[in-house]
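Residues per chain are reported as follows:
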Amino acid sequence: MSTLTAAPITAPTIEYGELAPMLIIFGAAMIGVLVEAFTPRYLRKSIQMPITVLSMVGAFALTVWQGVRGVRSAAAMGAIAVDGPSLFIWGAILLLAIVSVLLINDDDHFVAEAAAVPGSAEEDQALSQGGAHTEIYPLVLFAVGGMMLFPAANDLLIMFVALEVMSLPLYLLCGLARRRRLLSQEAAMKYFLLGAFSSAFFLYGTALLYGFAGSVDLKAIATALSTVGGQDALLFIGAATLGVGLLFKIGAAPFQAWKPDVYQGSPTPITALMASGTLIAAFGALLRVFWVALGDLDAEWTPVLWGVAILTMVVGAVLAITQTDIKRMLAYSSIAHTGFLLTAVVATGKESQNANALSGILFYLLAYGFATVGAFAVVTMVRDPGGEAGHLSRWAGLGKRSPLLAGIFALFLLAFAGIPLTSGFFGKYAVFAAAVAGGAVQLVIVGVVTSAMAAFFYVRVIVLMFFSDPAPEGPTIAVPSMGTAAVVTLSAAATVVLGVFPQPVLDLAHTAAQSLFVR
Amino acid sequence: METAAEIVQHSGGVIGLSWLTIALPLLGAAILLLGGRRTDRWGHLLGVAMSLASFVVAVIVFFELLGFGADERRRVVELYDFLPGGTLDVKMGLLLDPLSISFVLLITGVGSLIHIYSIGYMAHDPNRRRFFAYLNLFVAAMLLLVLADNYLGLYVGWEGVGLASYLLIGFWQHKPSAAAAAKKAFIVNRVGDMGLALGIFVIFTTFGTIAYGPVLANASQASQGTLTLIGLALLLGACGKSAQLPLQSWLLDAMEGPTPVSALIHAATMVTAGVYLVVRSGPIYIGAPTAALVVTIVGVATLLAGAIIGTAKDDIKKALAGSTMSQIGYMMLAAGLGPVGYAFAIAHLIAHGFFKASMFLGAGSVMHAMNDEVDMRKFGGLAPKMRITWATFGLGYLAIIGFPLLSGYWTKDGIIEATMEHSPILGWLAVIGAGITGFYMSRLFFMTFHGKPRWEKDAHPHESPAVMTWPLILLSIGSVFGGAFLIMGNRFMEFLAPAVGRPKELPHFAPFSVAGVATLAVVAVGVAYAWLKYGRAEVPAVAPRGSFLTVFARRDLYGDAINEALFMRPGQWLTRLAVFFDNRGVDGLVNGLAALIGGTSGRLRRVQTGFVRSYAMSIFLGAALLVGAWFVVGNL
Amino acid sequence: MELYVPILVLAVLAAGFAVFSVGIAPFTGPKRWNRAKLDGYECGIEPTPQPVGGGRFPLKYMITAMLFIVFDIEIIFLYPWAVAFDKLGVFGLVEMVLFIVTVLVAYAYVWRRRGLDWD
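Residue numbers (the numbering used here), protein chains in the order written: chain Z, 1 to 519; chain U, 520 to 1155; chain S, 1156 to 1274.
These are calculated hints, taken from the structure and not from any lab test. It is possible that part of the hints are untrue.
What the hints assert, rightly or not - Estimated spans, in silico, between C-beta atoms of each pair:
1. 50(Z) with 698(U): 35 to 41 angstroms
2. 478(Z) with 1113(U): 33 to 39 angstroms
3. 485(Z) with 557(U): 16 to 22 angstroms
Unchecked claim - One side of the interface only, derived from the structure: several residues of chain U facing chain Z at Cβ under 10 angstroms:
4. 599
5. 812
6. 816
7. 1120
8. 1124
9. 1149
Claimed, not checked - Straight-line alpha carbon distances no greater than 27 angstroms define the calculated DSSO-like cross-link-like pairs of lysine-lysine that follow:
10. 400(Z) with 694(U)
11. 694(U) with 897(U)
12. 702(U) with 400(Z)
13. 971(U) with 904(U)
14. 1052(U) with 976(U)
15. 1052(U) with 971(U)
Computed from a prediction, not measured in an experiment: that's the story for all the values here. Yeah, the Cβ is synthetic: ideal placement off N, Cα and C, and Gly gets one too.
Chain Z on its own, in the form it takes in the complex (with noise of 0.2 angstroms):
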């Protein structure tokens, strides 16, 4: 009987100063949840915005703090860890969820009654009354705190309670889209079904890993690695099914699906958050948990993932060529570029590369992230009568009616093909010498040819918005507010900075890098 009796209980530590920059954004989010409650209508925005810039601000302070004092420890009982990666990738989150906020911020994005049907009397009388819901800036808050802790988290459980805190609020913002309503219910629907499969997935793999190990802790599990015989059906499964988890967030094939449907259906400023913010905090979660936890097993998962990677190259690049709205051909962009990071996350696993890696991995994903959620930008400022002018066609001649702001995507997509002297470059050149380094060479080819086959559909675009004749009717182009006109020039010299002038950041990002996780 003596098993059962209690074990001795001691009151845990925790290091709030070390997590205060999620403390504060959750804190942020609470407040504004107590705004919603109890302020009138009418003086909600002009409250939630202030408290949520702020706070990320706030936050992003302290983040940059922590990383001159030199933090690297686990706090929370080893729970969290705040290392060099963690606050490298939280600063990256937080500067992109302030731009990205900048342009949630703009009026016409998001419904007026999300409740009311589609097409229905309630919706015309509540955008009729200019009613919004302002709700849109704590869940901003709360997912991207999830996001925050997503990657820190040093523990399976931990990393379940952020994925979902993480992902429930985005799939409400998924349909809170303005126009094409029922495109954006489909695409948070859709959004929330395959998340909770895939959260299943991860919560089994967990499990069956806590079979295996006795502990859902990473450094456990590593340990549990060498210590623990005959237990390989568990481990395998269970690492496996946790990998499907992890690499559904991050949309790699086969397990893809979700992306571009959830990505032309959300709000653009949703998107872009996503496309930014979410595949960060998930790639900084993927890495800790297979460099951290699986480290050991790499002789296992690493054909594995090649074959991933290989997959999600091939299938964001060619199914791209044929996409002829501009966010879904976005959204299959973002397939190909996490497989071109795979690539570096695969040719890894001796400490040695480890950091090399690492850096690139994190200089791709903040510059990846700035030109994504600048071309987003762009996009909803090209209009149409009914919303956003999605079809590729509408975009013909967009050089010759706006060329400052055609020239402006045309950057964004010179990056995402890795042209030099934009931000691309840098990071793809990056995240393939670290592949190279690490003996993945034949990935680094296929990596090199669909970047190629990539770089055909930024090109076209390109070739369509300058050198094509104007559609007669072509859609207008929005006066930006100064927000969106912000998010556009940030990005814009940001990737331009990043791509002459690269050095202060890979230099960051190496900083960063060279604690790797601390376990």
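Fit chains U and S to the supplied structure of chain Z, relying on the hints for placement.
For chains U and S alone, kept in the frame of chain Z given last:
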């Protein structure tokens, strides 16, 4: 021979701010181009201000540089890592040394004067702002070209001035001839640029770097064959930019641009970039005598060709353009001689910058007075009407023919004498060139300013406004005294020595050497013949048919015809062949591949059904696949 | 194995009780048949007529159900804390207050947005 001084790192002071010389005009160009019509009213003033500010910075930098000991005057200002890490590690920096600062002073000084002159010259042009934007852009690019501390920076500047030149030649693009001339300049320059790029590639593979410091210091360790290859490739680049044979044909057409452009870009500065390149790469040519010999031969051939073309042109600007070719030929010749000639090459370049700019601007002043007429046969007798233009042009004219004690006398004679010691044949050819120079410049001068007026009926010549004449006066001061100042007592040679090395024995300048006297005599003969033919005698208003030689010269020595026969026609054939092959072979392959990918894409697209159940199914199957694969790999 | 004997005994007891209750009911209970009693749900309420295959039903049922789950789960957290509350000391108290405040915020939102009103 003493080699050049060590390059030292520099920080602080005004030298540390020398990037401003580039940044200011660049900023000006950016403001004027982006500002659009809003800046029309004050755009030209901004352009002038930026150029002048750049000049002021340059002067301060110059004096600060003088403050260092002679051997410490090669200073690199690090700007930033252009391409960090990896094998190609390019740190972008500015190299301040006597050679580059000489150019900087010339470019900003003469450039500023021409900016000021252009205020008057372009006063009635609706696109004056755009003109000043391009001029600013040119100044910035040219300064980058001479200031960069590595070949890549030079290349960027090189392309930049090419672009500015293209834009300015075609400034009046509504004229088909101007548009065609711009295109021609661009295309011919591409040939040269290819050579330059090739040279830089070989430099990189040989030395592992493209910064001047290590490349030039280690040049002697490379094999002679490699150095010859590099030297010839760089020479090809230099020929393109400096309009040397065989890439000379674009310069004459380039005169379609506004006259201030001809003065600044196609006389005083840009076309001398080739000379800069050869002098800067001196150690490479020292290690490759064959390449150096080719440089001298190209120089002599061009100086003769340019002079001959100059004799036959009736278009005042084209005659001056021929003269420019010829004078740059002299510089090339000197640059090919090695350290002994470098100082003369650069001194002649600076002196030429002054007197040629002065004459071009003078020609512009004449055209301004004569309703933009360029045909000298319709000038004549302008001297009394335009005193200042006549006087300044006359001083420039005397300087270029080498009238004793004026600029050209010191610098050109220096080149001729140095060549004499090196190779008498080339030396005597250079003397003959000087004689022809005397003839064609006198012809130009007499036809324009003396003899009987042959004006069109509606011409009312008048002196130009002060904003145009003052630059002329300032430039002519340079054309009178510049040469003596630079050459006497080997002052310029001493000044340049830290940058380009010092010859074994300093040349002693004897005013009455054989070569000097012979040159004077030949020039005198040329001037006298011109006086007989164009000063005293009546000049026919329509050009006589002329002898075989005249036609030969008028047609630019059949340069265009040669280009056409040798390059254009075979090129067209090659293109047709390539197109044929491309259509049948390559396109078939590429289209097939594209169709394959596109087809795959279309088929794969159908997997994306839009049904969430099928997505979930794909996730499930994917998971099963992943687990299965894991087991397979794990149990291998 | 003997560890599980009490559980087994409990299971047998529970099953026995269930079988006994169901078995004894027909003999002891009153039998007053009517139409409503013979319907699917024998709680005495007539079922609402519905189309074949389920059809739609008001969202408010869902909201109520979800709210119940949210506040129900609170208990799961409160219970272990209540058990070990003296050992966790002030830390436990603070954390639990934070947790309850969090739930309270959500509660306040539901309340202010009239999520608790049925109509």
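Going through the hints against the structure:
Judged by the Cβ atoms, the range 35 to 41 angstroms given for residue 50(Z) and residue 698(U) is violated: they are separated by roughly 56 angstroms. Between residue 478(Z) and residue 1113(U) the Cβ separation comes to about 35 angstroms, which falls inside the hinted range of 33 to 39 angstroms. About 19 angstroms separates the C-beta atoms of residue 485(Z) and residue 557(U), a value consistent with the hinted range of 16 to 22 angstroms. Against a cut-off of 10 angstroms between C-beta atoms, the interface hint on residue 599(U) holds, since the closest Cβ of chain Z lies about 6 angstroms away.
Interface restraint check: residue 812(U) against chain Z, minimum CB-CB distance 39 angstroms, threshold 10 angstroms, status violated. Here the hint on residue 816(U) is broken, as its CB sits about 39 angstroms from the closest CB of chain Z, past 10 angstroms. Interface restraint check: residue 1120(U) against chain Z, minimum CB-CB distance 4 angstroms, threshold 10 angstroms, status holds. A cut of 10 angstroms between beta carbons decides the hint on residue 1124(U): the least distance to chain Z is about 6 angstroms, and the hint holds.
Taking 10 angstroms as the C-beta cut-off, the interface hint given for residue 1149(U) holds, the closest approach to chain Z being about 4 angstroms. Distance restraint check for residue 400(Z) and residue 694(U): the Cα-Cα separation of roughly 25 angstroms lies within the 27 angstroms cut-off, and the hinted pair is therefore satisfied. Annotation: proposed proximity of residue 694(U) to residue 897(U) holds, straight-line Cα distance about 22 angstroms (limit 27 angstroms). Taking the CA atoms of residue 702(U) and residue 400(Z), the gap is about 24 angstroms. The hint holds against a cut of 27 angstroms.
Restraint check for residue 971(U) and residue 904(U): satisfied, since their Cα atoms lie roughly 13 angstroms apart, inside the 27 angstroms limit. For the hint pairing residue 1052(U) with residue 976(U), the CA-to-CA distance comes to about 25 angstroms; that is within 27 angstroms, so the pair holds. Under the criterion of a C-alpha separation no larger than 27 angstroms, the hint pairing residue 1052(U) with residue 971(U) is consistent with the structure, at around 13 angstroms.
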